[in-house]
Structure formats: C-alpha cells, structure tokens
Amino acid sequence: MLRGMEQAFTSPDDVTATLARTGYLADEALATVTFLATRLGRPILLEGEPGTGKTALAESLAEALGQKLIRLQCYEGIEATQALYDWDFPRQILHLRAVEAVAGDEHRDPKQLEAELFDERFLLARPVLRALREAPCVLLIDEIDRADDEFEAFLLEVLSTWQVTIPEVGTIAAEHPPLVVLTSNRTRELHDALKRRCLYHWIDHPGLARELDIVRTRLPEVSDTLAEQVVRLVQRLRTEGDLIKPPGVAETLDWARALDALGAGSLDPEVAAATLGAAVKYREDGERVRAMLDRMLAG
Amino acid sequence: MTGMTGMTAQQCLEAHHRRPPDEWLIGFARALRAAGLHVTADRERTFLVAVSQVGLGERRGVYWAGRATLTSSPADVERYDQVFTAWFTGRPMETTHTVPPTVRPPVRQAALDDDAASGAGPETEDDLLRARASGQEVLRQRDVAALDRAERAQLARMFERLHPLAPHRPARRHVPRRTGPVNGPATLREQLRRVGEPGPVRHHRRGVRTRRVVLLIDVSGSMSAYADSLLRLAHRFVQAAPTTEVFTMGTRLTHVTRALRERDPDRALVAAGAVVPDWSGGTRLGDALAAFLDRWGRRGMARGAVVVLFSDGWERTGPEVLGEQMRRLRALAHRVVWVNPHRGKAGYQPIQQGIVAALPHVDDFVAGHSFATFEELIEVIAHA
Ligand SMILES: Nc1ncnc2c1ncn2[C@@H]1O[C@H](COP(=O)(O)OP(=O)(O)OP(=O)(O)O)[C@@H](O)[C@H]1O
Ligand SMILES: [Mg+2]
Numbered sequence: 003m004l005r006g007m008e009q010a011f012t013s014p015d016d017v018t019a020t021l022a023r024t025g026y027l028a029d030e031a032l033a034t035v036t037f038l039a040t041r042l043g044r045p046i047l048l049e050g051e052p053g054t055g056k057t058a059l060a061e062s063l064a065e066a067l068g069q070k071l072i073r074l075q076c077y078e079g080i081e082a083t084q085a086l087y088d089w090d091f092p093r094q095i096l097h098l099r100a101v102e103a104v105a106g107d108e109h110r111d112p113k114q115l116e117a118e119l120f121d122e123r124f125l126l127a128r129p130v131l132r133a134l135r136e137a138p139c140v141l142l143i144d145e146i147d148r149a150d151d152e153f154e155a156f157l158l159e160v161l162s163t164w165q166v167t168i169p170e171v172g173t174i175a176a177e178h179p180p181l182v183v184l185t186s187n188r189t190r191e192l193h194d195a196l197k198r199r200c201l202y203h204w205i206d207h208p209g210l211a212r213e214l215d216i217v218r219t220r221l222p223e224v225s226d227t228l229a230e231q232v233v234r235l236v237q238r239l240r241t242e243g244d245l246i247k248p249p250g251v252a253e254t255l256d257w258a259r260a261l262d263a264l265g266a267g268s269l270d271p272e273v274a275a276a277t278l279g280a281a282v283k284y285r286e287d288g289e290r291v292r293a294m295l296d297r298m299l300a301g
Numbered sequence: 104m105t106g107m108t109g110m111t112a113q114q115c116l117e118a119h120h121r122r123p124p125d126e127w128l129i130g131f132a133r134a135l136r137a138a139g140l141h142v143t144a145d146r147e148r149t150f151l152v153a154v155s156q157v158g159l160g161e162r163r164g165v166y167w168a169g170r171a172t173l174t175s176s177p178a179d180v181e182r183y184d185q186v187f188t189a190w191f192t193g194r195p196m197e198t199t200h201t202v203p204p205t206v207r208p209p210v211r212q213a214a215l216d217d218d219a220a221s222g223a224g225p226e227t228e229d230d231l232l233r234a235r236a237s238g239q240e241v242l243r244q245r246d247v248a249a250l251d252r253a254e255r256a257q258l259a260r261m262f263e264r265l266h267p268l269a270p271h272r273p274a275r276r277h278v279p280r281r282t283g284p285v286n287g288p289a290t291l292r293e294q295l296r297r298v299g300e301p302g303p304v305r306h307h308r309r310g311v312r313t314r315r316v317v318l319l320i321d322v323s324g325s326m327s328a329y330a331d332s333l334l335r336l337a338h339r340f341v342q343a344a345p346t347t348e349v350f351t352m353g354t355r356l357t358h359v360t361r362a363l364r365e366r367d368p369d370r371a372l373v374a375a376g377a378v379v380p381d382w383s384g385g386t387r388l389g390d391a392l393a394a395f396l397d398r399w400g401r402r403g404m405a406r407g408a409v410v411v412l413f414s415d416g417w418e419r420t421g422p423e424v425l426g427e428q429m430r431r432l433r434a435l436a437h438r439v440v441w442v443n444p445h446r447g448k449a450g451y452q453p454i455q456q457g458i459v460a461a462l463p464h465v466d467d468f469v470a471g472h473s474f475a476t477f478e479e480l481i482e483v484i485a486h487a
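Protein sequences appear in the order of chains S and P.
Basically the numbering used here = 1-based index in the first sequence + 2.
Basically the numbering used here = 1-based index in the second sequence + 103.
Quick caveat, the hints were computed from the structure, so don't treat them as lab data.
Be a bit skeptical, because a hint or two may be false.
Here are a few chain P residues that sit away from chain S, every Cβ distance over 12 Å (derived from the structure) [to be verified]:
#	residue
1	Ser-155
2	Gln-257
3	Thr-360
4	Ala-393
5	Ala-394
6	Asp-397
7	Arg-433
Coverage of chain S stretches by chain P, computed from C-beta distances (three or more under 8 Å per stretch; other residues unrestricted) [as the list claims (entries may be wrong)]:
#	segment
8	260-267
9	273-280
Incomplete in silico selection of chain S near chain P, CB under 10 Å [unchecked claim]:
#	residue
10	Leu-38
11	Lys-70
12	Arg-73
13	Tyr-77
14	Asp-147
15	Arg-148
16	Leu-161
17	Trp-164
18	Ala-175
19	Tyr-202
Please read all numbers here as calculations on a predicted model, not as lab measurements.
For glycine and all other residues, C-beta sits at the position ideal for the given N, C-alpha and C.
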C-alpha cells in the first residue's frame with residue numbers, strides 16, 4: 003500500500019541516524035524540523051549561506067527513504083507552466099493532421115477533436131506535477147529566491163492544496179503530500195504567506211566538531227591531520243576573514259580533496275596558497291586570504 | 104539557545120498556575136508576537152500540533168518546534184531565543200523593543216526628539232497651521248545636513264506623506280495581444296473552431312508589473328548627516344513599493360530591507376540602526392558594490408531593476424574597482440541612478456575620483472540633499 007510520509011521517521015533521533023547512513027550529518031535542530039515536516043505534512047524552508055548543505059539534505063532524504071527525488075531549479079523569470087506542464091504542441095499538430103487525413107470532411111466534430119487533442123497523453127509533466135502524481139517522493143524546490151513573487155504565489159497554492167487544475171484535463175491531486183524542501187540563499191525576502199506555510203530553518207555553518215565529522219564522513223581518504231587543519235582554517239576564515247563569499251562546507255570538502263590529491267599530508271603556507279582557489283572564489287577574497295595565510299598557519 | 108537544561112516544559116507548566124497546556128503555549132506564541140514576530144493564528148495552531156509531535160515534556164523539542172513554526176528569518180530567531188528564555192524561566196519579558204547596546208546616533212536623533220518642534224510657539228490653531236505650512240515650504244528646500252534637531256523632527260513627519268511608486272515593466276504572465284510570440288494552444292483551438300481551415304495565428308504578450316527598486320545607501324562618515332533622511336526615504340519606498348530592497352554600504356554591505364518593513368518609521372530606523380555594523384566608518388564603495396553584485400545582484404535582485412546609489416563618491420579603495428563594478432551593475436540593471444547630496448549645491452563639480460569613475464555607467468545623476476530633491480528623485484524612479 004502506498005503510504006505518505008507521516009511514518010517515515012519515529013523521532014528526530016531516527017532522522018539523524020537515517021540520514022547519517024547516507025553520509026549526511028544533521029544536527030538536532032535540522033533533525034527535529036525534518037521530523038516535524040514529515041509528521042505535519044508541511045514543506046521545509048531552508049535558508050542559509052551557500053554551501054551549508056541545503057540542497058544536500060533533500061538529496062540525502064530521498065536516498066535514505068528510498069524515494070525518488072524530483073528537483074525544480076528556480077531561476078529568474080520561471081513561470082508556473084515550466085513547473086507544472088506543457089502541451090506537446092508538435093505532437094498535437096501531428097495528431098490533428100493524422101485525423102484529417104483519415105476522416106473525410108463530414109465526420110469531424112470539433113468538440114471531440116479538441117478533447118482528443120488536450121488529453122493527458124499530450125501533457126508533458128514538469129517537476130511539480132510529477133511530484134503530485136508520483137508522491138510519496140521528495141520534491142526539492144531549489145533556490146526559490148531566484149524566482150519572482152508571482153511564482154511564489156503559485157507555489158503557495160500548490161503547497162497548500164496539494165493539487166493543481168489543468169483546464170483541459172481537470173484537477174490532479176496528490177494522494178499523499180510529497181516531502182517538500184525549499185531552499186533559499188536569502189537574496190531577497192520571501193512572501194510571508196509562503197513562509198507561514200513552511201517550517202522554517204536557518205542553516206548555519208557547522209561548528210568545528212561537526213564540520214570535521216562531515217569531512218571525515220565524506221572524505222575518509224584524507225588524513226586526520228590534514229582534515230583538522232583545513233577545517234580549523236576554514237572556520238577562522240569565516241569569522242575573521244571578512245570575505246565577500248565565506249567558504250561553505252562544499253569549499254571545505256573541495257579544498258581537502260584538492261590538498262589530498264596533491265599528496266599533502268598536512269597544510270603549509272605554500273601548498274595552501276597553491277590550492278586556495280578551491281576555497282575562495284573571488285579574486286579580492288583570494289588576495290585577502292593569501293595575506294592572512296602565513297600569519298594563520300604560523301599561529 | 105540558552106539555559107536548555109532547567110525545568111521540563113511540564114514543570115514549567117505547573118509553575119504557570121496549572122493552566123491547560125494549550126493556553127500556556129498560546130501565551131508563549133502571543134509573547135512572541137508582542138516581541139515583533141509575525142505570529143498568526145494559523146501559525147499558532149501549527150505550533151500546537153508540532154509540540155504535540157515532539158512531546159511537551161521535552162523542553163528542547165518544544166524549543167525547536169516553536170522555532171520551526173513561529174520564526175521565519177534569522178532576525179526572528181534571535182528574538183525567539185530571548186522570549187523563550189524569558190518565558191521558560193518565568194522572568195517577566197521586556198516589553199520594549201531591545202536594541203543592542205552599541206548606539207547608532209545618526210538615525211536615532213530625530214526619533215528621540217519627536218516632540219521638540221511643537222513645544223513653544225504660535226497661539227491659535229490657524230496660526231499654528233500657517234506657520235507650519237510656510238515653515239514646511241522652507242524646510243523642503245533646506246539641506247538636511249544643516250537642520251537642527253527640531254527641524255529634523257518636523258521633516259521626519261513630512262516623510263510619512265511621501266508615496267513613492269515603483270516603475271513598471273513587462274510582466275511574466277502572458278495576455279492575449281495582436282502581436283508577439285505565437286500562442287500554441289490558442290492557435291490550435293482556433294483551427295479546431297474552424298474545423299481545420301487555417302485560422303488567424305494567436306499571439307500573446309506579457310502584461311505589465313512593477314520593477315524592483317534597489318536602494319544602496321552609503322552610510323560612511325562623509326555621508327552621516329544624510330543617513331537619517333535617506334533611511335526615512337528608503338522606509339517610504341519599502342512601505343509603498345514592497346518589492347523594494349535596501350542595503351547600506353560602508354566598510355561592508357548590509358541588507359536592511361527586513362528592518363524597514365516595520366510600519367512605524369522610528370522603530371524601523373532603530374531596527375535598521377541595530378543591524379548596520381559600520382555607521383560613519385570608512386567607505387569601500389567598490390568592494391561593497393562587488394559584494395552586492397556577487398551575492399544578490401547577479402542572482403536576480405538587480406536584473407531588470409532600477410538601482411539607486413546614494414553616495415558622495417568619496418572612495419577609499421581605488422576608483423578602478425568602483426568603475427569596474429559600476430560597469431557590471433549597469434549591465435544587469437534596467438537603470439542606474441546616482442544620487443549625490445552635493446550635486447544640487449552651488450559650485451559643485453563631480454571631481455571625486457569615485458564619481459569620475461562611476462559616471463560613465465550611470466543613467467541619471469541627480470541631487471539629493473533636501474526634501475524637495477527627494478521628491479524629484481521619486482519622480483525620476485517612477486518613470487525609470
Ligand atoms: N551536514 C552535512 N553533512 C554532510 N555533507 C554536507 C553537510 N552539509 C554540507 N555538506 C556537503 O557540502 C556540499 C555543499 O552542500 P549543498 O550543495 O547542499 O549546499 P547548499 O546549501 O545547497 O549551497 P547553495 O546555497 O550554494 O546551493 C555538498 O557536497 C554536501 O554533501
Ligand atoms: Mg543548493
């Protein structure tokens with residue numbers, strides 16, 4: 003029997019343990035929010051700096067629960083139809099031609115023909131529609147802050163009713179709400195109504211111990227010394243670096259990976275400077291960090 | 104999170120006059136609302152359900168359940184923590200809005216002296232009105248940097264009557280039109296209606312909607328006399344045109360839109376004052392602009408927007424950086440407006456290096472030192 007998400011986890015601790023099996027380390031807060039999202043059938047809205055594991059949570063949830071991940075990447079100018087459905091116009095035209103070729107002039111009932119043309123088989127399902135049809139599944143609505151407010155209003159409706167109406171086909175409703183994860187980098191404020199619909203969580207950069215755990219889990223091949231040095235350094239860059247884009251967990255992992263690939267067993271100023279591009283993405287940041295490196299690695 | 108290890112929620116509940124749990128939890132939600140969080144009835148209900156899922160006996164669970172259901176921004180989270188601690192330890196909550204101890208003088212002055220203007224003066228109500236009206240006309244033209252406290256307070260009230268309009272742009276949603284891209288389904292339907300006879304091709308076009316306005320306000324030392332007025336102007340924009348976004352620029356870039364959402368202008372300015380870390384410091388305009396473009400602008404906020412910079416153009420970093428960033432900004436934005444407080448003054452020449460570097464990438468270079476020039480700016484933006 004198909005079941006919704008309510009019973010996916012028995013407790014927040016269960017969330018932590020289940021996600022850990024996929025290599026994702028959730029803290030108590032994130033585990034509780036995720037647990038509540040499954041129990042209440044509410045979307046999770048994750049906001050936070052880049053590279054703090056927002057997208058990865060959705061991916062890990064799908065993997066851990068053995069469910070399909072359906073992803074909607076938002077961008078400026080995205081429209082509702084791009085999230086829902088399109089008509090397969092070329093195939094509709096082909097069908098129209100075929101019908102005309104077979105039937106003579108007399109037998110054409112336009113009403114019936116229209117019904118045939120705007121039929122589900124000419125419907126191209128886009129992520130949101132797919133998620134409603136295929137639930138239970140995990141629907142990731144990534145970087146919602148890039149879309150505009152009209153699109154938010156559309157999403158709010160879907161996430162509140164779990165159904166959409168397609169004029170020609172009728173209403174398509176989800177049997178069970180999918181587990182929805184929305185992410186935002188806060189490049190702009192989202193609508194209050196949408197936020198109210200969701201369970202909110204602000205993901206911070208992880209603390210030293212957890213980030214070290216993440217590196218060890220994700221990159222078991224990297225030596226403990228190197229892992230610890232990189233994490234300590236990144237943690238300091240975040241708080242003291244005054245950078246345009248402080249490195250996220252993604253950058254920590256990239257950096258450790260790059261150093262390991264160079265055969266570095268530990269961090270020295272030279273090899274750190276040579277691989278810095280993995281951790282900081284802007285020229286200005288690079289210059290600032292290079293100036294700090296000697297001092298930091300010495301101390 | 105503070106003091107998580109004390110009483111369980113159950114014990115707290117008993118301490119709270121043995122009220123039924125729902126009432127007690129709703130009380131907590133209301134306390135949050137009093138502290139300025141946007142707690143609505145539906146959120147209260149969600150909170151109750153969430154608590155029932157994690158269990159009332161688990162204080163940490165209650166904490167996270169409340170955080171997930173009753174907050175919706177990092178600023179909310181901070182206030183949530185304060186109220187949670189107060190509520191669970193039974194200490195009375197502070198009712199006034201708490202501002203961090205670091206005081207930011209430029210924005211607060213006018214707010215504090217609100218009543219000074221109406222102190223002594225004219226006897227009858229008519230006199231009062233007349234004196235006000237002519238006084239206001241003079242005030243409209245004055246350089247805001249030269250105003251005394253009473254005049255500032257009076258000006259603050261004049262701001263409340265401003266109603267800036269956001270400019271318009273073509274909308275995402277399509278509406279039927281005579282020209283424009285072909286609308287597939289509509290064309291197909293038309294053909295059906297004519298039973299196969301080729302019919303007219305249906306087109307659709309985008310309707311109109313408002314353009315986003317982005318205000319970037321230099322709050323460094325050389326601009327400090329204008330900070331209060333510019334933030335009041337920004338407040339009016341955020342209130343009247345809700346898609347507006349506001350940042351301050353100094354040694355760093357700070358996103359202050361959220362603070363300016365507060366309806367009351369004085370409270371909004373105090374809130375903005377609390378989040379900006381670099382009042383009256385140096386300027387790194389080029390860097391601040393780069394940060395804006397990298398973190399917000401490129402990802403959508405500046406695209407197609409009307410971006411307005413308020414600055415005198417005094418720049419610590421080299422003018423090349425600023426020029427380069429202005430070029431990037433110009434490529435993204437619909438229109439770039441530079442507002443300079445010195446522009447409207449006699450004998451002003453745009454010779455500051457920053458301005459020289461920036462001007463080639465600016466669509467409108469306008470004055471911004473008096474209420475009258477702010478009104479003109481509102482017109483420029485509305486028609487951008
Ligand atoms: N808690 C965690 N446990 C395990 N891996 C993590 C965790 N947090 C982040 N990561 C890893 O860090 C990388 C970046 O994470 P992700 O792409 O999810 O960040 P994001 O928050 O979505 O960033 P952006 O805002 O740039 O999209 C991924 O490789 C992810 O596996
Ligand atoms: Mg992501």
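Notebook entry, point to check: Which earlier hints can't be squared with this structure?
Noted result: Those not satisfied are hints 1, 3, 4, 5, 6, 8, 9, 11, 12, 16, 17, 18.
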